[in-house]
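First to last, the protein sequences are chains B and E.
Each residue of the first sequence is one higher than the last, beginning at 22 in our numbering.
Each residue of the second sequence is one higher than the last, beginning at 2 in our numbering.
Every clue listed holds true.
Quick partial rundown of chain E residues pointing at chain B, CB under 7 Å, derived from the structure:
{"no.": "1", "residue": "43"}
{"no.": "2", "residue": "44"}
{"no.": "3", "residue": "46"}
{"no.": "4", "residue": "57"}
{"no.": "5", "residue": "106"}
{"no.": "6", "residue": "109"}
{"no.": "7", "residue": "111"}
According to the in silico footprint, chain E covers these stretches of chain B (three or more CB under 8 Å from chain E):
{"no.": "8", "stretch": "61-72"}
{"no.": "9", "stretch": "115-129"}
Because the hints were derived from the structure by calculation, they are not lab data.
Think of the CB as a built atom: it goes at the ideal place given N, C-alpha and C, for glycine as much as any other residue.
The primary structure of each chain is shown beneath.
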Amino acid sequence: GQNIDQPTEMTATEGAIVQINCTYQTSGFNGLFWYQQHAGEAPTFLSYNVLDGLEEKGRFSSFLSRSKGYSYLLLKELQMKDSASYLCAVRDGDYKLSFGAGTTVTVRA
Amino acid sequence: DSGVTQTPKHLITATGQRVTLRCSPRSGDLSVYWYQQSLDQGLQFLIQYYNGEERAKGNILERFSAQQFPDLHSELNLSSLELGDSALYFCASSHAQGITMVVGELFFGEGSRLTVL
Numbered sequence: 022g023q024n025i026d027q028p029t030e031m032t033a034t035e036g037a038i039v040q041i042n043c044t045y046q047t048s049g050f051n052g053l054f055w056y057q058q059h060a061g062e063a064p065t066f067l068s069y070n071v072l073d074g075l076e077e078k079g080r081f082s083s084f085l086s087r088s089k090g091y092s093y094l095l096l097k098e099l100q101m102k103d104s105a106s107y108l109c110a111v112r113d114g115d116y117k118l119s120f121g122a123g124t125t126v127t128v129r130a
Numbered sequence: 002d003s004g005v006t007q008t009p010k011h012l013i014t015a016t017g018q019r020v021t022l023r024c025s026p027r028s029g030d031l032s033v034y035w036y037q038q039s040l041d042q043g044l045q046f047l048i049q050y051y052n053g054e055e056r057a058k059g060n061i062l063e064r065f066s067a068q069q070f071p072d073l074h075s076e077l078n079l080s081s082l083e084l085g086d087s088a089l090y091f092c093a094s095s096h097a098q099g100i101t102m103v104v105g106e107l108f109f110g111e112g113s114r115l116t117v118l
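Just chain B, same shape as in the assembly (with noise of 0.2 Å):
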């Protein structure tokens, strides 16, 4: 099975830089995804990290080690557009891809 933890909420101002931290356990490794999700539509991709580093997408960048099994999303200079669900999710050894419960970002005037 897959154990995906990451937190329930955070809080951050316009503007600001905020890390959603992201740690997991699986039977084998294929990759980890992020996902953002506004309440009550489809999630949508936003970064794919299979190899050690970091990958920067403009203002979004994402971060992973195999080894500690962890990851993290950076969110920079903040918009209140970005007010969403947030979901790491990682494909295993047999490729089904396991979704974390997802972050709650509420960004702030």
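Got chain B sorted already, so can you dock chain E onto it with the hints?
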């Protein structure tokens, strides 16, 4: 628009009933996944199909079943419905099993919101 189509968008039914949720994957995508998302839970993986064959099974109840047809669309059948089955059911698709693609991201449909009264 992800290219994944789910119908119906909303469904209200009574306990004990049976419903069928339909999913059309993105053009060319061979893999279809079903997820359940309840208010107090994250996305729970139910089942995955690849080119018509079941490939992985998650926490899917025996009252639920699914299949993928030759035209690659998929249906999720939920029977003997209970109040606790009320949830948002997402279908997602990806191009490959994951072996041949560098980034085998999943593209999600808008979901089917099921309410059991």
